[in-house]
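J.: Letter by letter, the chains look like this.
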Amino acid sequence: MFTAKIFNKWIRYIIFSLPLLFFNTIILWADEKIEVFPSTPYDKFIIYQVLIIFWLGIIGLIVILKMKLKEIERIQSMGIDKEEKDIPFLD
Amino acid sequence: MSYRRLKNWFDERYDFEEIRSLTKQKVVPVHKYGILYYTGGLTLFLFILQFITGMVLAFYYVPYHEQAHKSIIEIVTKLNMGWFFRSLHHWGAQIAILALFIHVFGTLLVKAYRKPREIIWVTGFILLVISIFFGLSGYFLLWDERAFAAVRVATGGAGNLPLIGGFIKSFLRGGIDVTGETLTRFYAFHVCVLPLFTIFFIGLHGLLVQYHGMSVPISLEKDIKKYEPFFPNVLYKDFIIWLIALGLVVTISVLFPPEIGKKADPLAAPPENIKPEWYFLFLFQTLKLFPGDIMGLNGEMIAIILISLGILFFLLIPFLDRKSSRGEKSTLFTWIGILYTAYFIIMTIIGFLT
Chain U
11 MFTAKIFNKW IRYIIFSLPL LFFNTIILWA DEKIEVFPST PYDKFIIYQV LIIFWLGIIG
71 LIVILKMKLK EIERIQSMGI DKEEKDIPFL D
Chain P
5 MSYRRLKNWF DERYDFEEIR SLTKQKVVPV HKYGILYYTG GLTLFLFILQ FITGMVLAFY
65 YVPYHEQAHK SIIEIVTKLN MGWFFRSLHH WGAQIAILAL FIHVFGTLLV KAYRKPREII
125 WVTGFILLVI SIFFGLSGYF LLWDERAFAA VRVATGGAGN LPLIGGFIKS FLRGGIDVTG
185 ETLTRFYAFH VCVLPLFTIF FIGLHGLLVQ YHGMSVPISL EKDIKKYEPF FPNVLYKDFI
245 IWLIALGLVV TISVLFPPEI GKKADPLAAP PENIKPEWYF LFLFQTLKLF PGDIMGLNGE
305 MIAIILISLG ILFFLLIPFL DRKSSRGEKS TLFTWIGILY TAYFIIMTII GFLT
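Chains as they are written, first to last, in this note's numbering: chain U, 11 to 101; chain P, 5 to 358.
Chain P extracted, bound-state conformation:
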């Protein structure tokens, strides 16, 4: 069957002309911050890579606490190219979350969240939370000392929230403490629950971006003179960036395969000088700023409440930044965006160095 006959077969049954005309209409403005338009697509590509490598690993990983650690050792030592897929999944996750943070902070600083794109920001925030939980749940599946201690701290911290903390803690842990039940639960989150939510929210997020079109920074709105078609110009540029990212992830995975830590022992004390993954370091450092007791109240609880309020404010920025919604320059929220970005970077570096 020739290409022409195949094309005609589909054309007789489906009207592709409308899709073709829609794709030709999509244009992307050209300006000095245009590089930020590629961060979302890059994040999507890296998450697709995670889905693929994760599916491959799921064929061999055993989500039961007695055998989880051993199954990882078997994947790495006995399976052909097992070490590579595990390394690719590990480094893919790190770089995907890095790309995600660049995308989030880039969007915040150019105020792409402003009217009419508030819901895009909200769906993006939900995707950020899902991705962080992807990282935590995936990390725990190693069932090593470090991951065990990290999950104990993270779920314990969530348990300090007033009113709902106890419920969240027992829901995440599957009980009072972190046990084999927690592993099974986190596996269900990681391979079932979170992927379903991710697909839904990415679909909604992408659909809304197509509906509203590409945002332009307020200061450049009147200066845009050139637009380039998304198909095929911007798409080809997207492919180039994805190829470079793929090359980098593969190279890092080959040169720096991650070690396998000691198997977790629920009865043992946590290892000394333990630190969480880099994307939790800013939270970890923030907790360390607060003393154990503040005027008779639990210092950790106060810290978690303040952090939660900071995160809630972050979510509500599009609804609070009224000036940007009217298309006016908003210096206050520019500084708020810079403060959030700088705080994240500085606290992450401090956490890494201490």
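Excised from the complex, chain U in its bound form:
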């Protein structure tokens, strides 16, 4: 009787754990997810670092362009950029 109880208990454990085993192993047949981004921490660090440097470069270029634009507009507002038609030439 006692042996039958233990045997029944173990049978129940085996029967209930079979689906778990099945679902865990079925993942092995699933398609592998393809890594589209470098996975090592070092590569990720380098990529984000380069991205920050890239943005610093972009911002730097924008600042330079804005400064040049401001200078050009200042010159244009003074009217000194226009060529005078009858300006005498030195021979």
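These are calculated hints, taken from the structure and not from any lab test.
From a predicted model like this one, the values you see are computed outputs, not experimental measurements.
The reader is advised that the hints may include incorrect statements.
[Stated by the list, open to error] Calculated from the model, a selection of chain U residues having no Cβ within reach of chain P, i.e. all distances over 12 Å:
1) 21
2) 43
3) 51
4) 58
5) 69
6) 73
7) 76
[Said to hold, decoys possible] What the simulated footprint calls covered on chain P by chain U, stretch by stretch (three residues with Cβ under 8 Å from a Cβ of chain U suffice, anywhere in the stretch; the number is not a length):
8) 247-255
9) 258-271
Quick reminder that beta carbons are idealized off the backbone N, C-alpha and C, glycines included.
With chain U's structure known, arrange chain P on it following the hints.
T.: Frame of chain U; chain P shown alone:
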């Protein structure tokens, strides 16, 4: 060799003075809708970016159905920075088409299509169609389930056009159904045929814009008091916008690289809840509005005919809007422009959310 000597060498052989005087003459009117003048240049810049990243990918992509998907996996996993160029090409395409739609709808709403710029509108419309086909053909080159199903639906839909539908369908597919032949054909479209047409039409479009000058909205024509020179003022502003766009495209490409889907299986059923790319969603949603059978006729065919008529009307707007051609306010065509823009946005959002 100094800069001065090099400059003199060219000046002795080519007359650059005329080009210099032409560039100094080009001016851009300053008004509250002036931001729209930058959308065309931005679209051009993004397409140049696509050409460059596309050329890089073309060195490694194999346009044969057995190896296409595998070659993409190798580009992404084995090639140094391959994942980045693929991501840049993917996101560059999305943002280029977005910029293109903003440019098209902006032009429509301010009526920049009116006399004498009708041919600019027509060349622009052709470029829009070419760009959409660029997106479709490029998307198919992934040879994944989603792309396969999308091309099957798109070419099947084109096949529902009366009279010419059958020819268009078999021309695009390279046969009766979507197969490896279709992939080779779409690759030829994507890297050869469409780029040639694009260069021709962009050249014509740009030349006509230089010839006619910048359009001004009818309501502001009499109020324009200030003009700024294109060289160097507007060009520098163009460069600033291009730099910001480049920064955004690169950032999105790094942070959100696109996944690689499951390899296409021509014999398998299409995946459930499949949706096309966002710029086709408004068409996809429009098709869903029509039932399969309308008074005994094929509902899909009726839908495609109506959509085609809507697109044809869109092309012919400059020739139909007579009031704008005379320089008068045209409320009807303003509302038509708003309707087209709103329909596109709303149906795209609905398609995205459902």
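J.: Against each hint, give a clear statement of whether it holds in the structure.
T.: Going through the hints against the structure:
no., hint, in the structure
1, 21, "holds (40 Å)"
2, 43, "violated (8 Å)"
3, 51, "holds (16 Å)"
4, 58, "violated (8 Å)"
5, 69, "violated (8 Å)"
6, 73, "violated (10 Å)"
7, 76, "violated (7 Å)"
8, 247-255, "holds (count 6)"
9, 258-271, "holds (count 6)"
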